[in-house]
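Residue numbers (our numbering), protein chains in the order written: chain W, -16 to 98; chain H, -16 to 98; chain G, -16 to 98; chain E, 102 to 506; chain V, 102 to 506; chain P, 102 to 506.
Take these hints with a grain of salt, some might be off.
As the list claims (entries may be wrong) - With a straight-line cut-off of 20 Å between C-alpha atoms, the simulated SDA-like cross-links for lysine to any residue are:
{"#": "1", "chain 1": "G", "residue 1": "Lys(-7)", "chain 2": "P", "residue 2": "Pro295"}
{"#": "2", "chain 1": "W", "residue 1": "Lys(-7)", "chain 2": "V", "residue 2": "Arg284"}
{"#": "3", "chain 1": "W", "residue 1": "Lys0", "chain 2": "W", "residue 2": "Val16"}
{"#": "4", "chain 1": "W", "residue 1": "Lys(-7)", "chain 2": "G", "residue 2": "Trp14"}
{"#": "5", "chain 1": "P", "residue 1": "Lys488", "chain 2": "P", "residue 2": "Gly175"}
{"#": "6", "chain 1": "G", "residue 1": "Lys(-7)", "chain 2": "P", "residue 2": "Lys287"}
{"#": "7", "chain 1": "P", "residue 1": "Lys287", "chain 2": "G", "residue 2": "Phe(-4)"}
{"#": "8", "chain 1": "W", "residue 1": "Lys0", "chain 2": "V", "residue 2": "Ala191"}
Stated by the list, open to error - Label pairs and their calculated CB-CB ranges:
{"#": "9", "chain 1": "P", "residue 1": "Gly189", "chain 2": "E", "residue 2": "Trp465", "range": "43 to 51 Å"}
{"#": "10", "chain 1": "G", "residue 1": "Glu34", "chain 2": "V", "residue 2": "Thr289", "range": "48 to 56 Å"}
{"#": "11", "chain 1": "G", "residue 1": "Ser23", "chain 2": "P", "residue 2": "Val235", "range": "41 to 49 Å"}
{"#": "12", "chain 1": "G", "residue 1": "Arg48", "chain 2": "H", "residue 2": "Gly90", "range": "54 to 62 Å"}
{"#": "13", "chain 1": "E", "residue 1": "Lys488", "chain 2": "P", "residue 2": "Tyr479", "range": "29 to 37 Å"}
{"#": "14", "chain 1": "V", "residue 1": "Phe183", "chain 2": "H", "residue 2": "Gly25", "range": "53 to 61 Å"}
{"#": "15", "chain 1": "H", "residue 1": "His4", "chain 2": "W", "residue 2": "Arg89", "range": "22 to 30 Å"}
Read the hints as simulated data drawn from the structure, not as lab findings. By construction, the Cβ of each residue, glycine as well, lies at the ideal position given by its N, Cα and C atoms.
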Amino acid sequence: MKKIEAIIRKSRFEDVKNALHSAGIDFFTYWDVTGIGNESSGAIYRATIYETRFIQRRMISFVVRDHLADGAIDAILKASRTGELGDGKIFISDMLDSIRIRTGERGPESLYIKD
Amino acid sequence: MKKIEAIIRKSRFEDVKNALHSAGIDFFTYWDVTGIGNESSGAIYRATIYETRFIQRRMISFVVRDHLADGAIDAILKASRTGELGDGKIFISDMLDSIRIRTGERGPESLYIKD
Amino acid sequence: MKKIEAIIRKSRFEDVKNALHSAGIDFFTYWDVTGIGNESSGAIYRATIYETRFIQRRMISFVVRDHLADGAIDAILKASRTGELGDGKIFISDMLDSIRIRTGERGPESLYIKD
Amino acid sequence: METASISLSLDTVWVLLAAALVFFMQAGFALVEAGFTRTKNTTNILIKNLMDFCIGTIFFWLIGYGIMFGAGNGLFGTFEWFSKVSHGGALPNEAFLIFQTVFAATAATIVSGAMAERTKFKAYILYSVVISAVIYPVSGHWAWGGGWLSSLTTPFHDFAGSTVVHSVGGWIALTGAAILGPRLGKYTNGKPNPILGHSLSLGTLGVFILWIGWFGFNPGSALGASNPGLISHIFVTTNMAGAAGGIATLLTTWFRYGKPGLSMSLNGVLAGLVGVTAGCDTVTAGGALVIGVLAGVLVVFSVEFFEKILKIDDPVGAISVHGICGAFGTLMVGFMAKDGGLLYGGGAGLLISQLIGVASIGIWSLASGFILFNILKYTVGVRVSEKEEENGLDYYEHGETAYNM
Amino acid sequence: METASISLSLDTVWVLLAAALVFFMQAGFALVEAGFTRTKNTTNILIKNLMDFCIGTIFFWLIGYGIMFGAGNGLFGTFEWFSKVSHGGALPNEAFLIFQTVFAATAATIVSGAMAERTKFKAYILYSVVISAVIYPVSGHWAWGGGWLSSLTTPFHDFAGSTVVHSVGGWIALTGAAILGPRLGKYTNGKPNPILGHSLSLGTLGVFILWIGWFGFNPGSALGASNPGLISHIFVTTNMAGAAGGIATLLTTWFRYGKPGLSMSLNGVLAGLVGVTAGCDTVTAGGALVIGVLAGVLVVFSVEFFEKILKIDDPVGAISVHGICGAFGTLMVGFMAKDGGLLYGGGAGLLISQLIGVASIGIWSLASGFILFNILKYTVGVRVSEKEEENGLDYYEHGETAYNM
Amino acid sequence: METASISLSLDTVWVLLAAALVFFMQAGFALVEAGFTRTKNTTNILIKNLMDFCIGTIFFWLIGYGIMFGAGNGLFGTFEWFSKVSHGGALPNEAFLIFQTVFAATAATIVSGAMAERTKFKAYILYSVVISAVIYPVSGHWAWGGGWLSSLTTPFHDFAGSTVVHSVGGWIALTGAAILGPRLGKYTNGKPNPILGHSLSLGTLGVFILWIGWFGFNPGSALGASNPGLISHIFVTTNMAGAAGGIATLLTTWFRYGKPGLSMSLNGVLAGLVGVTAGCDTVTAGGALVIGVLAGVLVVFSVEFFEKILKIDDPVGAISVHGICGAFGTLMVGFMAKDGGLLYGGGAGLLISQLIGVASIGIWSLASGFILFNILKYTVGVRVSEKEEENGLDYYEHGETAYNM
Ligand SMILES: Nc1ncnc2c1ncn2[C@@H]1O[C@H](COP(=O)(O)OP(=O)(O)O)[C@@H](O)[C@H]1O
Ligand SMILES: Nc1ncnc2c1ncn2[C@@H]1O[C@H](COP(=O)(O)OP(=O)(O)O)[C@@H](O)[C@H]1O
Ligand SMILES: Nc1ncnc2c1ncn2[C@@H]1O[C@H](COP(=O)(O)OP(=O)(O)O)[C@@H](O)[C@H]1O
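Chain W extracted, bound-state conformation (with noise of 0.2 Å):
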């Protein structure tokens, strides 16, 4: 099992969301974060015009047993590239093990739904 985090431009969020389903990937958790990093935007608050380097961002992290990973990374790598600075990361770790709550499933299995 992998986890997958991808930090991405929020006004990515919808094409990924729909390259991860092409994937075979729909189920995920994302919530929003600031990112600081070589990407800086101007804005002007009152009297001051300023460069800030935190940027809103998007933070998806799902875990996915090992022989979807490659698709997935494709998947967002394709989605959320606009080839300017600021495009993001993504993070891959190992994970031990992942439990469905509802049903007590524990590993691979507990990642997707037998029929």
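Put chains H, G, E, V and P with the ligands on the given structure of chain W with help from the hints.
Structure of chains H, G, E, V and P with the ligands alone, referenced to chain W:
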């Protein structure tokens, strides 16, 4: 050390908190997330009735010493299960190290108060 | 590659940000969380004085190349410590891979700008 | 003649603009109640506040007005549809009607706050119909419609409705909150837990709006501007009591809880305003100050009493602010009225009339509220299911969440 | 003489205070439109609402007022700078001017809601200039400035502006929204997706503010208080229709969508208020109730029609509330006017005049709106880029986000 | 006789309703100040705005009113408890009292914004007492209480208080903000950092509320309605200046910062309103437009000047809006007054009187503010600890957070 991440129903949060407490876990960090999964719910906005798969959830995250992990997991499972679609997931992963900022303690002892 | 997650006091955020910058870390992602731990604080609402163990905190998360990890950790430790209960925690874990969406670069080079 | 018609126009203008200000109090109540409750129930509390006014408008016009102002007898006006009864005075009947309508709706909307976060929408709708059509008009008739309280040898004096409007709402709120029981998680083995309101910004704006509304509520009750000294005096006493109430509560919380609290001080301002409403015409500015201060202290202990002793869960403090301070303010008239007050050598006569009024109207509203909510309880049901309450009424009752940030 | 001057003072006071209340509607519109749209565009919608009033004030004064109230001919007033034309009546010209100014600004601000979340700020500024300087004054002249609609054998009757103000805004909103096209993501292969507004608290407060504003809008249009019965009656009919609209929409959504919805019921209140505006002086309280109920039902189907059939994206329902219900209410006068209404045996004369008025002003505003927005489209451009829309207008157009929690 | 009493009633109605509108400005200030600051200090700013009004009400009544309107001498009224002095005119004394009370509270509440997010609550409470009891009444006496400024050969003309109310508040705000020093993190080696306000929705609503409040503030200062032309004119000039200020600031920010900004434009509207307050009765509509435009431009540079040159941290721009634009508007009267203004051939007499008034009242308020805040600084202390400021005043000073979403 294990990191346990549980994505649960907001309405189950109080019970989970208490269950964890009884399981000897009285420290954790949580934040609100939106989840996409098998559950979907009907909603209305103005003239549109719609089905949404975006469900408000709460992410609970904490790091425990290995021997406490199973107890913690059981506690969460018991307290957060309703048996209906959408009860959520628990993910377990490995932590290399943990530090208590206040004292600089590293490793397991950063995870409990020696007395 | 290591993932470093620090749960700190909101009031220490500015200092931590600067300290990380001096330690060569000028990219990270953060979001606000609620923490439960040893610290508790008194509060009042209408006619009720109460103790709450729910404390507003900020989660800082970033992935660094191994040789930068210790410096980053020291930076956070120095900048976020007040010595009082509730300074927070730092967790270190392993990352399998990282991708820069904009360029598709994988692995360590996705974590810095080659020039 | 000419001049008579002009002064009639002026009186009408005064009453209509006052009615507009009193109407605005609906927004104030909506904001206070929304601000003092949780986001998962915000849509629900807002729609209740909107609907009780809509319903009040229509049902008070349909039958309530007749019951309240129809000649009838000492206990009950006339059962006459469509407000087709004259109120006697020179003022155009419809000016009087709209002014009385917004008053009726004020009494109605007080209740939603105390019953917030757990009441079935359908039950609340039915409650709104009954209070505006019957409960409020009946006791209103006693005091303002030529009923028995107004024909006591020393007539019961409630100038703008500390009892007739606010206490009625407050007492019914009490029965409702008691019958509903506390919100889930409000008490853990008898100890009250704080359930934080979601926005003190909304709450504070709400109180400012209520305050300006009171400048219609009290001076408007003069039903005309022919006595400029009187309406000016009422402006001063009303404002004085609100200010005094706010400060008194602030200091009380400061001493008692160690810090000056906003959420209670907001109640304190309202406590002072409610308290002075009965006597705003007849107490001095200094008297208003005293009433405001006492109400501001009283409200704190009253809130504690209901929350900690009686364990009745009132998220916004409506019972204490409107019920208790309304009754208190009405009684204070017996002491502080320049003419007839005990402290001004007027003897106990007025005080006794005030007691009679407070008691009789109190009993009437408690009884009818008790009966009404029990009927609702055993028919449509008054409380949502545990699951609905946990997940929020907005989702289950309306399918609409208030915030989508 | 003396008395004449006092009654003039009183009329002036009435009109000025009414103007203040109507002004306040600007805040109501700002809150409703902000509440019904997303946080990434909140700064933009707020600044548009602020600026259309500022611009309206200045350009209506500069030339609009002359075009609307200058003697001129049946079609057009006079082209006279700085409002230097007399309106005829005894009322101080500036009292009349400020009252008409806030009306003009109301028509202007209706449009921003329907065009929200995708309109270029620069285009909106230019639109604001044109509507307050020309479009609104021209049709206003026809009905209220001594133009041809007021000189029909049976004059067109639009007491406070269901058509003259609200429909004009609504129809122009329709052209604007149609020319802009729907927001990104509003439709997926023809099926509308809900785009949730960010705060029903703001939206509800906005509606309460609009409601109190209407107590200036309608009774103030009597332009004086010399007829106390009339202004009292207008208070009652106005309030009745708003309340009835709210309840009717609530029930309609309840039956139709399974749950009672707040966001639509807020539109329902406004639908009722818009609907009764034309006939508030001449329909009975019962008539107002009927108009409110019908408008409250109509608005739901109208919103569905534009959203699902015509696929015109109107985030706040401005077209249905102001355009459709404004026209509807104006026609209802033909049926329900106590004097002259078809149902009161007045024959079809009035109804026909109402039809003529609704049609002619409808055509005028649709045509001028269509031309205006097309000119803007091919010059400064009316719609922001996809990227700007995705990331929010606040950031790209203003560099300022509304919320920084 | 009859007619005299009716016109007295009408004047009273006018003044009382104006007082209600001016009261409402308290809500406007609260919202603007809350919206322009951070959520961790929202409870604190709200409670300050609530309390300065409560305190102002009581202490202005206790002694302030006597100091301001007591006969006394040119410098000081009489030290008379409980407002027991007559103001001379026919208007009921209490109508005059309530109107003056809300004015005093306006001056008081201006200061909290400039001192926001770092001032000790206790210090603010004490400040509120002193300004309403002494500082404001003294200079108020000079200009409005029969003091020396009103008895200059060409009397100082400040019709509704650009200087007497707004500048006094603005200058005291200046001393307060200067003595406090900037908020933590406001400057990094001399360069100002933006500290974003948390809600422009609240800020914008606040400005709309202030704007409607101004329709009481300025026309109400006629203290009667016997001159309908005058109050109508004041409505027009007031509205014109506000609108012009908003547009002027919008354009200024657009040219200067590249984008049209909302937060500054909100200040711009207020700048225009403050600017025209002194001369709203005596400048033409065109004159009001000019004053508004100039104030709208001036406020931008003033904000920059204090923030970037003087490095005085004023989170809401109160010093520039009320202090600078108040003084500016007062001076403009010297040029633009139809009767007596330099540009109308009235010579320099009036201008000089205006200069004297602006200077003397400026010195008085700066001096007393400077002394007051220094006394507070070395007694109770004016600034919270670093730790409290970092974690937010809400938690440490009140134990209550404003938002619990
Ligand atoms: N090493 C990292 N750890 C955590 N988050 C990161 C890291 N690097 C980038 N991010 C996140 O990705 C976002 C985009 O990265 P940025 O450097 O701005 O653009 P790019 O990746 O295109 O160079 C940042 O705002 C930040 O939220
Ligand atoms: N593989 C996953 N990775 C991350 N989050 C998940 C994953 N699967 C489910 N979730 C989270 O758990 C929530 C509940 O899962 P869901 O599939 O709806 O119900 P169930 O687990 O009972 O089948 C989802 O809303 C989502 O937030
Ligand atoms: N084991 C843990 N897992 C996750 N979060 C933790 C853990 N321990 C502490 N925290 C977070 O760190 C914060 C501070 O910890 P706390 O125990 O209060 O103080 P200290 O670490 O100084 O003893 C807590 O509020 C919580 O958010």
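Structure-based check of each hint:
no., hint, result
1, G/Lys(-7) with P/Pro295, "holds, 18 Å"
2, W/Lys(-7) with V/Arg284, "holds, 17 Å"
3, W/Lys0 with W/Val16, "holds, 17 Å"
4, W/Lys(-7) with G/Trp14, "holds, 15 Å"
5, P/Lys488 with P/Gly175, "violated, 48 Å"
6, G/Lys(-7) with P/Lys287, "holds, 17 Å"
7, P/Lys287 with G/Phe(-4), "holds, 15 Å"
8, W/Lys0 with V/Ala191, "violated, 66 Å"
9, P/Gly189 with E/Trp465: 43 to 51 Å, "holds, 49 Å"
10, G/Glu34 with V/Thr289: 48 to 56 Å, "holds, 50 Å"
11, G/Ser23 with P/Val235: 41 to 49 Å, "holds, 44 Å"
12, G/Arg48 with H/Gly90: 54 to 62 Å, "violated, 23 Å"
13, E/Lys488 with P/Tyr479: 29 to 37 Å, "violated, 60 Å"
14, V/Phe183 with H/Gly25: 53 to 61 Å, "holds, 58 Å"
15, H/His4 with W/Arg89: 22 to 30 Å, "holds, 24 Å"
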